[in-house]
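Kindly produce the complete structure, drawing on both the sequences and the hints.
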Amino acid sequence: MIHVVIPSGLRKLTGGAEHVELVAKDVRGAVAALDARFPGFAEALGARFAVAVDGEILQDAWHEPLPAGSELHFLPALSGGA
Amino acid sequence: MAEKRKFRWVGTRPIRHDGVDKVTGRANFGADLAFADMLWGRVLRSPHAHAKIRRIDVSKALALPGVKAVATAADLPDLPPVESGGLEGGANFRDLSRNVLAREKALYHGHAVAAVAATSEALAEQALDLIEVDYEPLPPVLSIDGAIATGAPVLHADLVTRGADANLPNVASRIVFTRGDADAAFARADVVVERTFRTQTVHQGYIEPHAVVARTNADGQSVVWCCTQGPFMVRAYCAAVLGLELSQLKVIPSEIGGGFGGKTTVYVEPLAVLLSRKAGRPVKIVMSREEVFRATGPAGAATVHVKFGANRDGKLVAGAARMWYEAGAFPGSPVQAGAMTVLAPYALEHFSIEGFDVVVNKPKTAAYRAPGAPQAAFAVESLLDELAQKLGVDPIELRLANAAREGTQAPYGPRFKKIGMIETLEAARAHPHYAAKLGPNQGRGVAVGFWFNGGMSSSAELHLTEEGTAVVASGNPDIGGSRASLAILAAEELGIDVAKVRPVVGDTESVGYTDMTGGSRVTFATGMAVIEAARDVVRQLRERAAKLWECDPAQVAFHEGRCVPAEGSGLAKEPLSVADIARKMGATGGPISGQAQLTARGAGPGFATHLCDVEVDPETGRVDVIRYTAVQDAGRAIHPSYVEGQMQGGVSQGVGWALHEEYVFDAQGVLENPGFLDYRMPVASDLPMIDTVVVEVPNPSHPYGVRGVGETPIVPPLAAVANAVAHATGVRMDALPISPPRLLAALERGAA
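Those protein sequences? They're chains A and B, same order as listed.
Start counting the first sequence at 1; every next residue gets the next number (the working numbering).
Start counting the second sequence at 1001; every next residue gets the next number (the working numbering).
No lab work stands behind these hints, which were simulated from the structure alone.
Each hint can be trusted.
Straight-line alpha carbon distances no greater than 30 Å define the calculated DSS-like cross-link-like pairs of lysine-lysine that follow: (1) B:1307 x B:1417; (2) B:1315 x B:1390; (3) B:1418 x A:25; (4) A:12 x B:1307; (5) B:1417 x A:25; (6) B:1573 x B:1500; (7) A:25 x A:12.
Quick look at the structure:
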């Protein structure tokens, strides 16, 4: 079981729920599980997003493993300047 | 995990490897390359800020002797509105194509409409006058208020507001972050402050205009020489815009005279390639300063409304921000990053943040150092200063009482790991600057800044020479001294003199894929690849020593640049230096090279606290920055001079946002100050020595503890300066820049 925090902008798809528990072995699995439970979630999330797994921000991390008990956040994709 | 170790080279200040060439004028920048049969390219730009393009007739230009090729959007594939895949990602190629050459509409004054290649610059210029464009001028949209008003002219008929229940005019997306119940928390607060803040469009102001030479070879491959923050980005973006395969392009980066985010996309590069492919000759395009101002991406204007609720003791109980950011002609302002950073330095249980990405008839914005964060921090840090005044609390103490720390949940979701927000505040409080006495008409401002810092993908190779010196190859153009930093990391791992490491910047065919120089990521991420590549070399050195000693590699340890018998190995051997082994590498197995490619994880966020003293001339409204101290957590400063340089550079640019810089448009959307004479950036004589204090709270996710440092320092200065002005005058300036006429008017209003 992993713990997913739903971004504010997508909570209308989860009936307002901010926290969701689900079983997924990686980020791709988590998105699929969320889309199955809340139809339209994957489309609303879009193809390019970042995630934070247990506080670590990762870009394009579809295959990032999600150990049991981990916390997953979805974030907008970021770009930098420097 | 950051390793505890004693460093030999990390923290030292060797002269940068590219330094002598740069100060003697020998270094080759974007405009320095020329070929004997080269053509010159010039770009025809829209005289209207908003117009339909009914027809373009290039026949007269093509008929001019000496003109070898003309290009319009009809020469480009009409791409679907999908975001790019691949490693660079992030760009909507339909919009990018239309920014490179306008198709149905010109969307800002200076928007490229056609390009010409001719045998001389004068002929190319002459040919532009022969291109006939039939425009239908439309009313321009030149401000956030004008864009979102009911009945506003619409830039893109097909624009749908992502993230909103209903379509909003000229709003490309809406982003929301909320936690807890902000409304209820505001109702409980002892004190509530709120204010709307405005910043103007500003340019990165890099010294070197965009420049490119493209030459198409007989086999159909185009070679591109250009100044860019990302050669792999140029290859990917040109390929997409022109409908080419990546293998048909090779990009060789020149030295770069500044970028600050402004060279993270393409403008004239695809045009040079297209013209060279059409003409069969090399084509060179160098933008003028005026073109840079009119047609490359600045940071957009923003309107940010912030509200804080606090208890009498200064504890924040609620925060709210509504933010509108101009994206320019196509969607994609950094409002997302603005919304994610706006409250990030503070621990808040209850907040609501809402951001809007607004298109206007101005150049498409590009990244500019911590994109989105300076506008947000100006608002929040100014309002916190006002709150501190209202509560009678010291501004640093107010921030300390609410500071984010390890374990604090950031407003955008995850919990911070080890961060240095508190350490920078404490170092600023302890600095003599904070206790120094002020004179008449002087004031002191405090402000904090935050930036995520990036990781992304990097490759590195480390080749050992047969004398034991080393070459480090990476794919990041060196903007802020990264060659020196990468050489230090290699020297530290190999235990050899840093002067014996030559760092080189490769092209798209000589080094593995590497994301752009941006996001404060090079020393962190590419540095991590260099460390891994060096460790690969060390592994091979131990294997070679084992061969020479006729033992197992496990019996060989590597210590301070020498292979030595491992503890407990029972071996009695004289140590072998890197040079000893390198000299024998031919006989022990051949060349020794290490390589690494990675997507770096765990970029440690950067925090900074700045102190600024100003003196205001009450008769003219002129503001002089008389003392400035920047305190920043660098995690670990690999080359302290370049960390300090980044801090000082960020402050200089931030002072420009605060006091001087703004795009001035007329009612038709024509930029009236497209040059450094009228677009006033601070120069050395405008600024005091900017003192720096480097705090080191090691990033636990990097072997040396490195955090990116390039972007955070531009975040606090806007508010640090504005807060200092508020304390010097008693007048709070909520719109930038605080130019003399604007401040004088405010002082007169305040006195009335």
